[in-house]
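Since each chain comes alone in its own frame, lean on the hints to assemble the complex.
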Amino acid sequence: MSDKPLAPRDQGAPDYTKHLHPLMLKNYGEWVSHDRMRPGVLVHTARGGDKLYTVRAGSPRTMSADTVRKVCDIADKYCQGFLRFTSRSNIEFLCGDKNDLDNLIKAVEKDLGWPLGGTGPSVSNISHTQGWLHCNLPGTDAAGSVKAMMDDLIEEFRNENLPNRVHMATSCCQINCASHGDISVIVQHHHPPRINHNNMQICELPKVVAICPAAAIRPAVINGVETVEVVEEKCMYCGACHGQCPSMEIRDSETDSLSIWVGGKMSAARGAPTFMKLAVWGIPNNPPRWPEVSEAIRRILNAYKATGKPWERIGEWIDRIGWAKFFEMTGFPFTRYHIDDGPEALSNLNRSAMIRL
Amino acid sequence: MSGKHDKNKAMTLHTPLLNELESGPWPSFFSDLKEYSKKKPVVVQLLNQLEESYENRWNYWIGKVLNAPGYGGGIIARVSEKADKYPGLANFHTVRVIEPPGWVYNTDALRNLADTAERNGAGILQFHGMTGDILLLGFSDEGSLQCVEDLMHDGWDIGGSGAALRTLQCCVGQARCEMACYDTMKVTKHLTDSFIHYLHRPEFVYKFKFKLSGCSNDCANSMVRSDMPIIGTWRGPMQVDQDKVAEFIDAKGMEYLIDNVLTRCPTRCLSVKGKTLQVDNDNCVRCMHCINVMHHALSPGKDRGVTILIGGHRTLKIGDTMASVLVPFMKLETDEDLEKLVEFVERVWEFWNDNGMDHERVGEFIARVGMGTFLKGIGVEPDPRMIRQPRTTSYIKFEELAPPRMDGEGNKMPPVWNREAEAVETA
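Chains as they are written, first to last, in the working numbering: chain A, 1 to 357; chain B, 1 to 427.
Incorrect hints may have been included.
Taking beta-carbon pairs under 10 Å as the criterion, some of the chain B residues facing chain A (in silico) [claimed, not checked]: (1) Gly-63; (2) Trp-156; (3) Gln-174; (4) Arg-225; (5) Asn-355; (6) Asp-358.
Below, computed lysine-lysine pairings styled on DSS-like, alpha-carbon distance capped at 25 Å [claimed, not checked]: (7) A:Lys-234 x A:Lys-277; (8) B:Lys-9 x B:Lys-34; (9) A:Lys-207 x B:Lys-317; (10) B:Lys-252 x A:Lys-305; (11) B:Lys-207 x A:Lys-207; (12) B:Lys-317 x A:Lys-234; (13) B:Lys-317 x A:Lys-277; (14) B:Lys-302 x A:Lys-26; (15) A:Lys-70 x B:Lys-34; (16) B:Lys-376 x B:Lys-331; (17) B:Lys-252 x A:Lys-110; (18) A:Lys-51 x B:Lys-244; (19) A:Lys-4 x A:Lys-26; (20) B:Lys-85 x B:Lys-34; (21) B:Lys-207 x A:Lys-110; (22) B:Lys-244 x B:Lys-273; (23) A:Lys-70 x B:Lys-38; (24) B:Lys-207 x B:Lys-317; (25) B:Lys-302 x A:Lys-51; (26) A:Lys-70 x B:Lys-39; (27) A:Lys-4 x A:Lys-51; (28) A:Lys-207 x B:Lys-64; (29) A:Lys-51 x A:Lys-98; (30) B:Lys-252 x A:Lys-309; (31) B:Lys-331 x A:Lys-26; (32) A:Lys-110 x B:Lys-34.
Simulated from the structure, these hints should not be mistaken for lab results.
Glycine residues also receive a C-beta, built at the ideal position from the N, C-alpha and C atoms.
If we strip away everything but chain B, and leave its shape as in the complex, we get (with noise of 0.2 Å):
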């Protein structure tokens, strides 16, 4: 078929329905790419197929694989059923990179990465994937490998992608914040490092999300968008400057103190003596509330470390999951801190795909298994701060009251009840 193989046959922009995207204020990716057309004739042939599917409200992209040697992901390729209309989306894939951690960029990498895309693709890029990578579009097949090489010779990796562990993505954390009870760029760095053969080789039977967030106002929005949410909290009284306390109470009025921060408190720990701020650190919950309205005065306690969840994902295949508690509080700043956390997961993850089924988030499978038989499985012992209440269900399999036909310890003496639980490694 004539023309086929020309990649960068001329086209005209017909965009009828995209043009609509050129008015209003707010910046628009259509008008950045049009005029980056008239450079790159490809992006014209993406630019009209998108506008075919504005038109009939349908998609034309096909995912197939293609993978860099050595590496089993990172390449999320593309082919376009309109191959014949626009031979320059034959094959037109996205390169996914492994992010800063915090999103923090020097320009010379910017352009480094400008340039890469540039020069092996179409030179579109976004600022960030859903997943907290950077994602460079629009490469051929050799262009994509090309592209690999290029940015790998730079320095740069590539992030991951299938059955695999995902780029990580943390907060500003502590290089720009004053809440960040750990540091978050460290530990991200550090994961990803240890791990990162598990981030380009597909082992595990379904994806796994690390989010880091430095307190649990969670700006790297780990809660329900990642398999591990790596949280930032603190042990002991949280610190307060009673003349900070005193300005503000003189500045925004006492009503205002009440208002909105004393009675929103979660946990009503909070009361005031004249213009003094007076702390129930034993029921704070490090919800960061009152924190965040009166950041002047009030900050995270000195003896910071972690709260370590479990099980977020987004709703398929069972619904949406909540991560949940699954270490309450570990330290978080030595390296001996750094391999125990490392060891930890590489703990988690050998019983979740030696158990898991196919295609099963963490999270689904402590739903099928249950979280006693889920910690029991990782050798963690369980703690209430994991649970919102005990359960309410009276059917339960008590292994020790079993009778003895059945492996049980029947009524054995000292009872059951009264015996201390036995003692299981914690992370």
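Looking at chain A on its own, in the form it has when it is part of the complex (with noise of 0.2 Å):
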């Protein structure tokens, strides 16, 4: 490779121009409204009056080159070549010819095997993290879980049957790179880090200790060795250190455990966006196929099924109905553990006589 001149630097982003469905292309900015057609089928309309239909399905978002081709052989047949992901690794196909549909809707189901769906009111697919995959800090797999909970979902991915839309989101750690969800699962450590003092790279201890959100790390010097320490009375178990340095080893396949999370919300439609709130922890951390967080997420889904009403997103109906009837519902125990000690600790407690009683 030494002799050969380098490939061109800083290119920037990909012209996206070149990667538009020609109706996209010839609508840029033209489009006056939408419509589902049914659940996993949208159809834009253009001023002109120019049709674009799309195709939404759920895909494993981790796929093997042979079938990235055989994505682009369908899109290739009904797509004039071009397809689209969303933010919740939906695949969304784009065809410019109704008389395509059936057969472009055949080929995804059938040839590819995803499930169309995730428009309108329902469960979307699970945004997702990389876990035991290629990650270096998980405590779970992301993709696993992600597949067990989808093939128990995929009914409400397929119908349009809830109150308002569901984003989901799961993280293989608390650093919860998959964000904010109206319900989202992470994973809980119990206990500070363990220290491999015999290696410690010296250079990143000042980044160590700087890192600590609860200034529980100082330097040390243990049986002569530059080190760290860990006040134990002040760790929170956050793990910070350990994405700065694998000696601080937060982890633990006995103790980690999952929680559950609910009413994370982005839009501000309605009302500002939120973040998402305890709804249930100390679940175990059970692959293959963690039954007990499919059955958790079921219970949540259930009661908003029951009672949300239309247009409600899971965090306005639990407002609605207060969080007293949201744990009646579920079933989960509300316990101290769910009373904030963090940031929002005060404004997020009960300030006024208002109780439904």
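The structure is reproduced here in structure tokens:
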């Protein structure tokens, strides 16, 4: 490689105009309305009357080169070679000819085996992270747990039977790269990091000390080795140091557990965006199918479906019915750990006598 | 050690636990990779190691550093702790690739990515990483570098990692959405290209993310996932097609309109007279709800632009931080508008990087120094639209009211409270 000249650097983002379906390019900025023809199928109408059909399906996010080629074969056949992905790892086949729709849908469902859905008031495909497949920090697997969850939720993905959309996310540690959702799954650690004093890299020590949000890490010399120590009462088991230094091992295959959080929302529709809130903790990290997670999610969705009003996202629904009712309906125990002691602690208390009795 | 360097060491797939992920109706990444492993022996090693993770609830990847010549990011290097057993995983890196804005693809480009991933590495692709980029998995050191050269030869560029600007992400925008209030794809490309140096060479105190959504439905998930969300909005009245309003009422009924549109407006600025919808546009906060429900009848106003927010990020280290308003409104249409945005971002970066601590996201920095100080630092005038309510804490260091010995103005005339605010340049 050394003799060959390097390829051009700093080329930036691809020219999107080369990646747009001809109807998207022609009607760029000229779209006037859309309709959902059935779950998983949208039609967008342009000012001049052009119609673009979108067939949305759930993808596994991780795919082999051969699967990518299969996707391309379908798009070449029915979509003039154009498609897109969504922020929740759904795939969208873009089709300009209504007459191709049935065959396109058949190809996606049968040849590719990917379900149509994720439109309107349904459960989205689950945004997820790298997990045991390729991350250096994970406490669990994301792709596998998501596969198991979506097996259970597929009818909620395929149909539009919920009060409003349910965005879901699963992260393999508390850093939570998959972020907030109406329902989010993350991992909790339950003790301070175990330090491998013989493998501390001196150059990283200041960073390890600096990154601790609880100021619990300080430099120390142990057995003549320059290293750090952790003030255990201060440590909140977050694992920030572990991201900085692999010798600060936070994970524990025996004690790490999962928790489910609800009511996160990015959209400002009807009210400002909201953070996710703790619903239930202490769920076993139970590969290969994590059945306890699916069961807990099912309880949340059943309660939401039963009493949510149209357009209420999960957080809005709980705001209306109250958290007491949420815990009653789901059967999750309400514990002292649900009461916030973080930066938002006081403002998260009920600072009024307004109570449903 | 024999076989240590034999990356393609023949191995039998042994995955009793992972096999459980083959049942059920949802597409299985495992079934896909299992089939593909017949062609790519290293994928057998990957799946066998993953099986051990499932068995032991433990992870075997460690990070290391590898960079393409001239770049300081873009390759996420991973080495396996079990390299003796799985020599193909000794170096098994991820290459981050900048995606086409809006995640749109032509199949030539996708096939090119698949071929490049397969030729140089394990041939595993992810659409997309949680930062919005394309991920190609499973390259040795040489494979990573060759992959990067091949990608760049074919017109791709690699993404950001480390204390640098991260790959941007945006919604589909005006390419297929009638609600998009600005050209998210164009702005994403413009910012990526303008700041490409910062994306490839970690020079910041910590990472910085932009996410761009065409309206406050925020399909790019910007509010808590980006340091600088740029969200489409409009000034003046929204557009109402009263004929379509009447059609909506005829089709859905007046009760539906009341229950699902009027009473769900956060500022109660909608009312109905007969079959005519009346909008108190002065009090509309551009939340998008009524437009979402009545999207045939209602649409954003004509004088469109963006709201720029600052400081969103997930929980490490000070807890979740939601972005908040920095620029209530700016136009973002012309080349001059775009240049103004670039200059504004550079001002924010300069103040943050000059004063931020190591590993301090801009939201954490603002939490530490206070938004008032931050605004002064970047030369932006305070605006009541930046806050939910004024402060409730009475301990304040008023610079103007301090005694002269502390460089204050004491009780000079005219009184401070009645003085016009100093004109500060805004974005």
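Does the alpha-carbon distance linking B:Lys-302 and A:Lys-51 stay inside the 25 Å limit?
Status holds; Cα separation ~23 Å.
Taking the closest Cβ pair, is B:Asp-358 under 10 Å from chain A?
5 Å, holds
Would the pair B:Lys-207 and A:Lys-207 pass a check requiring their Cα atoms to be no farther apart than 25 Å?
Distance of about 15 Å is within 25 Å: holds.
For the pair supplied as a hint, B:Lys-207 and B:Lys-317, is the alpha-carbon distance within the 25 Å limit?
13 Å, holds
Could you grab the alpha-carbon distance between A:Lys-207 and B:Lys-317 and see if it respects the 25 Å cut-off?
Holds: A:Lys-207 and B:Lys-317 sit about 13 Å apart, inside 25 Å.
Given hint B:Lys-34 paired with B:Lys-85 - CA-CA distance at most 25 Å:
19 Å, holds
Run the distance test for B:Lys-317 versus A:Lys-234: straight-line Cα separation, threshold 25 Å.
Holds, at about 14 Å.
Does B:Lys-207 pair with A:Lys-110 here, judged by a C-alpha cut-off of 25 Å?
Distance ~42 Å between B:Lys-207 and A:Lys-110 Cα, so the pair is violated.
Mind checking the alpha carbons of B:Lys-317 and A:Lys-277 for me, to see if they're no more than 25 Å apart?
18 Å, holds
Proposed proximity, B:Lys-64 with A:Lys-207 (alpha carbon, max 25 Å):
16 Å, holds
Within 25 Å, alpha carbon to alpha carbon, are A:Lys-110 and B:Lys-34?
19 Å, holds
B:Lys-9 and B:Lys-34: Cα distance at most 25 Å?
16 Å, holds
In summary, the numbered hints that this structure violates are 5, 17, 19, 21 and 27.
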